[in-house]
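**Student:** Chains as they are written, first to last, in the UniProt record's numbering: chain V, 1 to 328; chain R, 1 to 244; chain A, 1 to 304.
Just so you know, the hints here were simulated from the structure itself, not pulled from any lab data.
In this text, a Cβ means the ideal position worked out from N, Cα and C, and glycines have one as well.
Take the hints with a grain of salt, since some may be wrong.
As the list claims (entries may be wrong) - Facing chain A, according to a computed beta carbon distance under 7 Å, are these residues of chain V, among others:
1) Phe232
2) Gln275
3) Gly288
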Amino acid sequence: MIDLLSYAAFFLTMALTYAVICLGLNLQWGQTGLFNVGVAGFVAVGAYVSAILTTPPIEGRLGGFELPMIFGWLGGGLAAGLLCLAIGALTLRLRSDYLAIATFGAAVVIQLALLNLEGLTGGPFGVGFIPRPFGALQGDADLFALSNLSVMIVTVLICYLALEHLVRSPWGRVLRALREDETAARALGKNPVTYRLQAFAIGGFVMGIGGAAQGHFIGFIAPDNYLPILTFQVWTMLIVGGSGNMRGAILGAVLVWAIWAVSGSAVSALFPTEQQARAASLQIVMIGVALCAVLLLRPRGLLGEAGTLRRAKTRTAPKISEGTETNA
Amino acid sequence: MSDVLRVRDLSAGYQPELAILKGVDLAVSEGEFVVLLGPNGAGKSTLVKTVAGLVPVHGGSIQLRGEEISDLPAHLRLRHGLAFVPQTENIFARMTIRENLQLAAQILPKPARAERIAAMMETFPDLARRPGTRAGSLSGGQRQMLAVARALIIDPEVLILDEPSAGLSPLMVSEVFDRLRDINARGTTILLVEQNVRAGLEIASRGVVLVEGRVAHDAPSDALTNDPIVADLYLGGHQKEAQA
Amino acid sequence: MTLQPIMDGLVNGAIIGLGAIGVTLTYAILRFANFAHGELLSWGAYLALTLSGALGALLPGLGTSLGPFSFGWSVPIAMVGSILLTAALTLAVDWLLFGRLRRSGAVTIILVMASFGAALALRNLLEFAYTSSPKYFSNALQISREILPGLRATPDQLLVVALGVVLVVLVHLLLTRTAAGRSMRAVSEDPQLSALVGIDTRAVIRMVWVLGAALAAVAGIMSGVVVQIRPTMGHDLLLPLFAAAILGGIGSVPGAMLAGLIVGLAEALTVQVIGAEWRAAVSFVILVAVLLLRPQGIFGKVSA
Numbered sequence: 001m002i003d004l005l006s007y008a009a010f011f012l013t014m015a016l017t018y019a020v021i022c023l024g025l026n027l028q029w030g031q032t033g034l035f036n037v038g039v040a041g042f043v044a045v046g047a048y049v050s051a052i053l054t055t056p057p058i059e060g061r062l063g064g065f066e067l068p069m070i071f072g073w074l075g076g077g078l079a080a081g082l083l084c085l086a087i088g089a090l091t092l093r094l095r096s097d098y099l100a101i102a103t104f105g106a107a108v109v110i111q112l113a114l115l116n117l118e119g120l121t122g123g124p125f126g127v128g129f130i131p132r133p134f135g136a137l138q139g140d141a142d143l144f145a146l147s148n149l150s151v152m153i154v155t156v157l158i159c160y161l162a163l164e165h166l167v168r169s170p171w172g173r174v175l176r177a178l179r180e181d182e183t184a185a186r187a188l189g190k191n192p193v194t195y196r197l198q199a200f201a202i203g204g205f206v207m208g209i210g211g212a213a214q215g216h217f218i219g220f221i222a223p224d225n226y227l228p229i230l231t232f233q234v235w236t237m238l239i240v241g242g243s244g245n246m247r248g249a250i251l252g253a254v255l256v257w258a259i260w261a262v263s264g265s266a267v268s269a270l271f272p273t274e275q276q277a278r279a280a281s282l283q284i285v286m287i288g289v290a291l292c293a294v295l296l297l298r299p300r301g302l303l304g305e306a307g308t309l310r311r312a313k314t315r316t317a318p319k320i321s322e323g324t325e326t327n328a
Numbered sequence: 001m002s003d004v005l006r007v008r009d010l011s012a013g014y015q016p017e018l019a020i021l022k023g024v025d026l027a028v029s030e031g032e033f034v035v036l037l038g039p040n041g042a043g044k045s046t047l048v049k050t051v052a053g054l055v056p057v058h059g060g061s062i063q064l065r066g067e068e069i070s071d072l073p074a075h076l077r078l079r080h081g082l083a084f085v086p087q088t089e090n091i092f093a094r095m096t097i098r099e100n101l102q103l104a105a106q107i108l109p110k111p112a113r114a115e116r117i118a119a120m121m122e123t124f125p126d127l128a129r130r131p132g133t134r135a136g137s138l139s140g141g142q143r144q145m146l147a148v149a150r151a152l153i154i155d156p157e158v159l160i161l162d163e164p165s166a167g168l169s170p171l172m173v174s175e176v177f178d179r180l181r182d183i184n185a186r187g188t189t190i191l192l193v194e195q196n197v198r199a200g201l202e203i204a205s206r207g208v209v210l211v212e213g214r215v216a217h218d219a220p221s222d223a224l225t226n227d228p229i230v231a232d233l234y235l236g237g238h239q240k241e242a243q244a
Numbered sequence: 001m002t003l004q005p006i007m008d009g010l011v012n013g014a015i016i017g018l019g020a021i022g023v024t025l026t027y028a029i030l031r032f033a034n035f036a037h038g039e040l041l042s043w044g045a046y047l048a049l050t051l052s053g054a055l056g057a058l059l060p061g062l063g064t065s066l067g068p069f070s071f072g073w074s075v076p077i078a079m080v081g082s083i084l085l086t087a088a089l090t091l092a093v094d095w096l097l098f099g100r101l102r103r104s105g106a107v108t109i110i111l112v113m114a115s116f117g118a119a120l121a122l123r124n125l126l127e128f129a130y131t132s133s134p135k136y137f138s139n140a141l142q143i144s145r146e147i148l149p150g151l152r153a154t155p156d157q158l159l160v161v162a163l164g165v166v167l168v169v170l171v172h173l174l175l176t177r178t179a180a181g182r183s184m185r186a187v188s189e190d191p192q193l194s195a196l197v198g199i200d201t202r203a204v205i206r207m208v209w210v211l212g213a214a215l216a217a218v219a220g221i222m223s224g225v226v227v228q229i230r231p232t233m234g235h236d237l238l239l240p241l242f243a244a245a246i247l248g249g250i251g252s253v254p255g256a257m258l259a260g261l262i263v264g265l266a267e268a269l270t271v272q273v274i275g276a277e278w279r280a281a282v283s284f285v286i287l288v289a290v291l292l293l294r295p296q297g298i299f300g301k302v303s304a
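Isolated chain V, as found in the complex:
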């Protein structure tokens, strides 16, 4: 008999870790318009750094510092944030899509590093024995699951309030001004690169914390958890929730995670084992098509409101005009 309560709590806990990642991405994309294609990489950095800081030492592997979990989470966030800072510094003064290419490349290299730096990451087998919050309660499944969930609720709440505060602060207003009318903001003496860089790094920090939290709830991480499909999932969550909208980001994460989990178990229930890989790829086709459809039909997201980038003035060159649209 499956314990429904602890299963629901576990499900929500996982969904909320995605919500944290999604909030980070929302600061980068929804508030600032920076397209990060390497979400999986930054999440992985957060998870691995936290794992290395908090796990017990293991023969033949660096790390294993057995630090308290809070240091792991902060360390993971910091590492991901710094990485974003470096990549942003490299590309943000250039064309807007160079950031996308660079983050894509970063995720590829991070995946490679996870696989090959065995002395640090455990290679393909990953890192195990990651301490879980309230590990002492593990005997009581319900209590354990609920206490884990409460940790995650508090984390999401802190991230949400902190980001909302940031967005409403003078700093956030500059960010919005830059997005709406870069020329005017520049005229006020605001350097767009600095502000975008800060937003990108803070977003990365939040993503890293989300990754760290995820690792601690699963207790075990491996390179396979951080394939490009993770990036797509988080993007779908944000787009479904409506970019630019913090509450939408959280809701989108829970909703898409639920759809993903349900359709995933439907695939394994409905298809014979040998056909499951194919069915799973069809599942991903649907995500891709859905992403495009939302961009075409509901660019503000399903629930979204504020923060559309469409028709905004941009720093890009004049776009291809296809004749004129008369009587548009």
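Using the hints, position chains R and A against chain V.
**Tutor:** Then chains R and A, alone, in the frame of chain V:
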């Protein structure tokens, strides 16, 4: 005299809800040289860009030799004999002089292309001297000449220019204007947007004054120059002093 | 150390170069980084595989090896069909997706994102149709011959390099010597002015898609001939393609090919010196170096 270009009750603007032109009527006859005047923001530039096909039309009509062109994309209006020289970015800076002309000649039938390019090189000897030069390295005046040559290559029914004098030295301006006068003398109809009212009225045979998206005055150049109201409003009252 | 990595690098570099030409042209003319371009290589390869399989079944004579090569007439014939179908696929995607976004005035990054979604769908569609197990055009094993002391190559490999060089020259001539090429360069420089000189920008965009798709299909087929065909082959090549397009200078065809060869050689050298497991990192290192030192690339002009 027949109308080459006829604009009727034209309203247009970049956004559907925001009309910059609010019912413009304008007719340009064959062989005429018309200058479009008016204060900043009156819609002069918008009007010529709309005629060229760069600004969405909200209502009204644009006819070229009696044919409606307002629903054609910009690249097809050229085939009806309408050539437009924008104010800035009016040449391909990364290409050579010859390539700029070749591009413009592409819509002509193949046998006519080389001949038209040669004709332009003859009309603008400055360009013929070094056809392999990158257009981006030309001086401001030479760029305008190239842009005009590029527009003329199809031997248009009407040549429309958006402030070709902007950013040029007075000497260059008078050279460009001399050229326009020659071109007009050879029979090409010209519609010119000009910021400098006096210079514009001097070169053109008729002036059209646009104010807040509507035609406020439309009269022969001398009549406009001597009209005290126009002189007061747009010539800064200097006209009276000069006459006194 | 032997000269062998040079051969491997040239073969792989020619494939990367051909793909990068498509990336650089779409980037210059449509003004966005197309993340779906890699999938065109995969689709080109799978379409050719299917066509050559069908041809071989209908007319077994076409399957017999052509001279020194590992494949028969069925592959070059299938390549023509695959080029046409891949071009049709890109035109369909443009009609369904990118064209609509362009007309609605979407900003660059929305197009990039849409290309991301399209890549995801296209790649997994292949995986669904063909499964993830590798496929081959031919089971014939090729013996490599010594062409220089210490340098061995199979006839297939030499063909790939030769075809790459020929195609680059052809595309370069197309862009610099023909009216169509001039129009493409004009649109890449200024779409609005292009319309004013009578160029149909929509036709130019279609031309760019077809050209990019054709080169991608050829590159994918070549990769399939000398390596293997997998649904992720294009995705794995995407980073090298971007690195080569940026290293070569956006919009430069010779630059894309030269940079493709550089990336290919650097990968081969890395495999030799450091180890095959780090191969995929090479493009990223090159990318970072270019962005740091010369963001406009080898042949790029300094511009905003």
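**Student:** Each hint needs a verdict: does it hold in this structure or not?
**Tutor:** Cross-check of the supplied hints:
| no. | hint | verdict |
| --- | --- | --- |
| 1 | Phe232 | holds, 6 Å |
| 2 | Gln275 | violated, 10 Å |
| 3 | Gly288 | holds, 3 Å |
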